[in-house]
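Peer 1: Sequence:
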Amino acid sequence: MRSVQSIGKLSNRIIRRSPHAAFRPPTAAIASITSPPPSHPSPRHLPTAPHITHDRHLTTAYTGTPSDGKLHHSLLAHLIPHKSTLKDGRRVEVDFFQHSPHQIEECEWFAGMALMNLVIREGLSWPFEHEFESVDDYRGYFLSHTAFVVRALDNGMDAAKRNSSSKGEILGCFYIKPNFPGRCSHVCNGGFITAPRFRGLGVARLMGGVFLRAARDMGYKSSYFNLVFKSNVGSVKLWESLGFERVCVLEKAARLEGLKDGELDTAYGYRYDLEKLPEDYLGIEAASHRR
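Okay, so the sequence shown: first residue is 1 according to UniProt numbering, each after it adds one.
Please note: incorrect hints may appear among the correct ones.
What the hints assert, rightly or not - DMTMM-like mimics (lysine to aspartate or glutamate), calculated; alpha carbons at most 20 Å apart, straight line:
no., residue 1, residue 2
1, Lys230, Glu129
2, Lys83, Glu285
3, Lys221, Asp273
4, Lys167, Glu106
5, Lys230, Glu263
6, Lys221, Glu285
7, Lys221, Glu245
Calculated from the structure, these hints are not laboratory results.
Given the sequences, and given the hints that come with them, work out the whole structure.
Peer 2: Shown next, in the form of structure tokens:
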């Protein structure tokens, strides 16, 4: 059996050969981890307490402890998996990443890492310049707290209606984690990736809506996105249409691909007050720990 690192590198080579292809996991059933690894701390408060601790030692939006992305998963039992329908009629679900140590090649961790490395190579929407070389490095960033995939429940076509896609394919992924450590860890951050060939189908809007509901129900008080680049017009429109408030303008913030030599893009900071989110947001009743 191949090592975890070798399979990860294989998935990256596949994506490099076809820069606009989405990672396609096999459709066989994938068993999820039944208990969190030792790196997961237990909440210091019961779910019924008014505050839930998200802090980890020296945690920020860009660092963390390698894990499975299921921190505080029990607080989302009323929401996840969340089933929905995209613009093209395809049924999808927002769910936690699935992984089995006995079925390495079917692990969704590698699908997520392949998409992460793809957007890094694009150089248009994330600040990173270097790809993740191992799945543990990727897990330390993307899966350190709570993370999700958008998984296809039907076969279908891509956004251009030229290439088929399979049931079980990962169309996008996102995470929720503290933006800052310690006394500011109640402010969360989110990172979102839609597979390029499925952009325009409503995947990002679905992830944004579930992000707001899940973050609020896990006890975060507000959300702040540090770097939404001005040139990423679709992202700017999405967050503003979902009710995020632009609270910061950082000029000359990013060296992005496609810009003229020496040109730097502007970054916006967006905030959402999660305490103002309706209890039945997404049409789902309040979780028991919030009643």
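Peer 1: What hint numbers does the structure not satisfy?
Peer 2: The structure conflicts with no hint, since it agrees with every one listed earlier.
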